[in-house]
Amino acid sequence: MDADKNFLVGVFDDEDAVLGGIRKVRESGIKIHEVFSPFPVHGIDEALGLKKTRLPIAAFLFGMTGTSLALTMQIWMLGYDWPMIIGGKNFVSLPPFIPVTFELTVLLAALGMVGTFMIASGLKPYSWPRQFDLRSTEDKHVMAVDLDLNKGKSKEEISRILKSAGASEVNEKSFE
Amino acid sequence: MQVRSSVRDPLVTGGKTVKDVSHDISRQVEGKPTRLWWMAMAVSLALFGWGFYCVCALLWNGVGLWGLNKTVGWAWDITNFVWWVGIGHAGTLISAILLLFRQKWRMSINRAAEAMTIFAVICAATFPLMHMGRLWLGFYWALPLPNAFGSLWVNFNSPLLWDVFAISTYFTVSLVFWYLGLIPDFAVIRDRAVVQGNMLRANIYNALSFGWQGGAKTWMRYESVALILAGLSTPLVLSVHTIVSMDFATSIIPGWHTTIFPPYFVAGAIFSGFAMVLTLLLITRIVFKLEDYITIYHIELMNIIIIVTGSIVGVAYITELFISWYSGVEYEGYAFYNRVQGPYAWSYWSMMTCNVISPQLFWIKKIRTSLVATFVLSIIVNIGMWFERFVIIVTSLHRDYVPSSWTQFHPTMYDIGEYVFTFGLFFTAFLLFAKFFPVINMAEVKSIVKTDSETTHEAHH
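Going line by line, the protein sequences match chains A and B. Residue 6 in this note's numbering sits at position 6 of the first sequence, and the numbers go up by one each step. So the number in this note's numbering is just where the residue sits in the second sequence, counting from 1, plus 1000.
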């Protein structure tokens, strides 16, 4: 019911502070909702225990779709639908089909992967994100802890743990 | 915990903190345009306006307005096309290839270089479209769309068609790559606008940023996407100029029909692209006061790439000359004799001076670290690279197999006008970009501020 509404927000001043902080907070048994950073921090995915992304697989599948689409299109158009003699060569000869096949492979892989990324990450225009702390895009690393998912501990206790983990300030944040 | 290398120069100077990066880069998006910006915009729009008149006249009357004739059927249009496409290559090299090689100095120049790529490719694409005469049919003639003639499909054996696919894929993928990098930076401007109470700006930049938040999981996916896009763009950028060179190399015109063309064109493209990046960045860093982000060290590294690619181009010119003699083919031999000695010798020697001799000056440290020298040489290199394409195209065509067809090419006002049009388009687009978009990739620069700057900032523990 109440999940996803009431948060405690720990503000960390730099990437080393937040990396150490994540470990300490997780060791004390608190579930972290999300950590927001102004730039990618290396090692944060392992510290949070995130699973490796499967986007490379998506890219590969989209790329293969492009390859087969391009080959099918060219072979069908020039080999079957309207065969034309061009320089006395075979109707279906693979070498001249390779450039277009390559380009469509890259095109579909790139567009498909980025599209998947946008959908998976919920990135869409005209939607305001929940802003835990406006400084999280500027210079602070912000750790959000969902109070309703950490019912075992009191607000004061979580706040104390966040502070001792290196947060320079801890604020409350509620969403409607 | 501040890490400083004793062997490398810092990439960001001036003791910047993460917060300073946001402030310095967002400032010019938030402020009113300067008088200098308006002046530059006025000049660009004037060029664009006059060029636009020439383009309209061309579309109304047809390509007969150009100085082309039966013998020289390709001249300024394709020269300008290859020149602009080549310029685009530096942006992708910086953003993709240097990312794969983990070259951190790319970070403060990749945004502007990629923007340059996108605008340069748009400028390039206008030439084949205009050469079709009927612009609006360009899509039907160039793309495999069902049509009322059977359907009569496009010829997939033709390098010109490969070019259509290569350039449009290159444009799309570069645009996506560039935009992906912009998303987190738009969010910075959005959040600053909320703090400043400017909700109109906040809403616009929020839409542009697709509601970016910067969660750990999103950043992880984002980095994975950026790495794969770099991996895809690297062969893509090499394929583009390879295919452009095949437009020439697969035809049997002496001076064009050579296997050296693909690597020679790719090196030339990167060479001219870096020169254009330097021209633009040297102005941008002064106008927007970015001297701490685009340092002399960055400029020096780019000049070193210019020496490398310029030398490759020089070796290619000499190889071409040697092979034309060594092959014993009299047509090849004549084509090159005519380049060096014929009526267009002035363009050949301009090319040689600008592309082979002038970049060698960068061996001298004082020259490659001098802003004025770099600026002048970057423009000379671009002039030289324009002449390279002009030499390849016009000198090979103007002496046909039958001497009765021999002729000269003279550009008309419309040839010049279309070139001016693309300059107007390019600079107008670049100025709009520089004003409304963050010109430096804030997120990437922030990630290196701590390890690579001379910051006095004490890390919190």
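Don't take every hint at face value.
Using 27 Å as the maximum straight-line C-alpha spacing, the simulated DSSO-like pairs for lysine-lysine come out as follows [said to hold, decoys possible]:
| no. | chain 1 | residue 1 | chain 2 | residue 2 |
| --- | --- | --- | --- | --- |
| 1 | A | Lys163 | B | Lys1104 |
| 2 | B | Lys1450 | A | Lys24 |
| 3 | B | Lys1217 | A | Lys153 |
| 4 | A | Lys155 | B | Lys1217 |
| 5 | B | Lys1217 | A | Lys52 |
| 6 | B | Lys1217 | A | Lys51 |
| 7 | B | Lys1435 | A | Lys52 |
| 8 | B | Lys1450 | B | Lys1217 |
| 9 | A | Lys124 | B | Lys1450 |
Estimated spans, in silico, between C-beta atoms of each pair [what the hints assert, rightly or not]:
| no. | chain 1 | residue 1 | chain 2 | residue 2 | range |
| --- | --- | --- | --- | --- | --- |
| 10 | A | Lys52 | B | Gly1150 | 45 to 53 Å |
| 11 | A | Lys5 | B | Met1132 | 55 to 63 Å |
| 12 | B | Gln1103 | A | Arg54 | 26 to 34 Å |
| 13 | A | Lys51 | B | Ala1148 | 50 to 58 Å |
| 14 | A | Asp81 | B | Ile1367 | 39 to 47 Å |
| 15 | B | Gly1150 | A | Lys51 | 36 to 44 Å |
Short derived list, chain A residues pointing at chain B, Cβ under 10 Å [as the list claims (entries may be wrong)]:
| no. | residue |
| --- | --- |
| 16 | Asp16 |
| 17 | Ser28 |
| 18 | Lys31 |
| 19 | Ile32 |
| 20 | Leu61 |
| 21 | Met64 |
| 22 | Thr105 |
| 23 | Val106 |
| 24 | Leu111 |
In short, the hints are calculated from the structure, not lab data. Even for Gly, the Cβ is constructed at its ideal location relative to N, Cα and C.
Verification of the supplied hints:
A threshold of 27 Å between alpha carbons decides the hint, and for Lys163 (chain A) with Lys1104 (chain B) the separation of about 34 Å lies outside it, so the pair is violated. Of the pairs offered as hints, the one joining Lys1450 (chain B) and Lys24 (chain A) holds, with about 23 Å between alpha carbons and a cut-off of 27 Å not exceeded. About 25 Å separates the Cα atoms of Lys1217 (chain B) and Lys153 (chain A), which keeps this hinted pair within 27 Å; it holds. Among the hinted pairs, Lys155 (chain A) with Lys1217 (chain B) is consistent with the structure: their alpha-carbon atoms are about 25 Å apart, no more than 27 Å.
Under the criterion of a C-alpha separation no larger than 27 Å, the hint pairing Lys1217 (chain B) with Lys52 (chain A) is consistent with the structure, at around 9 Å. About 9 Å separates the Cα atoms of Lys1217 (chain B) and Lys51 (chain A), which keeps this hinted pair within 27 Å; it holds. As the CA atoms of Lys1435 (chain B) and Lys52 (chain A) are separated by approximately 38 Å, the hinted pair breaks the 27 Å bound. Restraint check for Lys1450 (chain B) and Lys1217 (chain B): satisfied, since their Cα atoms lie roughly 23 Å apart, inside the 27 Å limit.
In summary, the hint linking Lys124 (chain A) to Lys1450 (chain B) is not supported, as the alpha carbons are separated by about 32 Å, beyond the 27 Å threshold. Roughly 50 Å separates the CB atoms of Lys52 (chain A) and Gly1150 (chain B), a value that falls within the hinted 45 to 53 Å. Lys5 (chain A) and Met1132 (chain B) have their C-beta atoms about 59 Å apart, which keeps the hinted 55 to 63 Å range intact. Between Gln1103 (chain B) and Arg54 (chain A) the beta carbons are some 28 Å apart, a value that agrees with the proposed interval 26 to 34 Å.
Look at Lys51 (chain A) against Ala1148 (chain B): about 53 Å separates their beta carbons, and that is inside 50 to 58 Å. The hinted window of 39 to 47 Å between Asp81 (chain A) and Ile1367 (chain B) is violated, with their beta carbons roughly 60 Å apart. The given range of 36 to 44 Å is broken by Gly1150 (chain B) and Lys51 (chain A), whose C-beta atoms sit roughly 52 Å from each other. Residue-level restraint check for Asp16 (chain A) holds (minimum Cβ-Cβ distance to chain B is 6 Å; threshold 10 Å).
Checking Ser28 (chain A) against chain B by beta carbon gives a least distance of about 19 Å; that is not within 10 Å, so the hint is violated. With 10 Å as the threshold, the beta carbon of Lys31 (chain A) stays out of range of chain B, its nearest partner Cβ sitting at about 14 Å, so the hint is violated. Given hint, Ile32 (chain A) at the interface with chain B, holds; its Cβ is 9 Å from that chain's nearest Cβ, closer than 10 Å. The interface hint given for Leu61 (chain A) is broken, as the beta carbon of that residue sits about 13 Å from the closest beta carbon of chain B, more than 10 Å.
The restraint placing Met64 (chain A) at the interface with chain B is violated, with a minimum CB-CB distance near 13 Å, outside the 10 Å limit. With 10 Å as the threshold, the beta carbon of Thr105 (chain A) comes within range of chain B, its nearest partner Cβ sitting at about 9 Å, so the hint holds. Hint status for Val106 (chain A) relative to chain B: holds, with the closest Cβ pair at about 5 Å, below 10 Å. At about 7 Å, the closest approach between the beta carbon of Leu111 (chain A) and any beta carbon in chain B falls short of 10 Å, and the interface hint on this residue holds.
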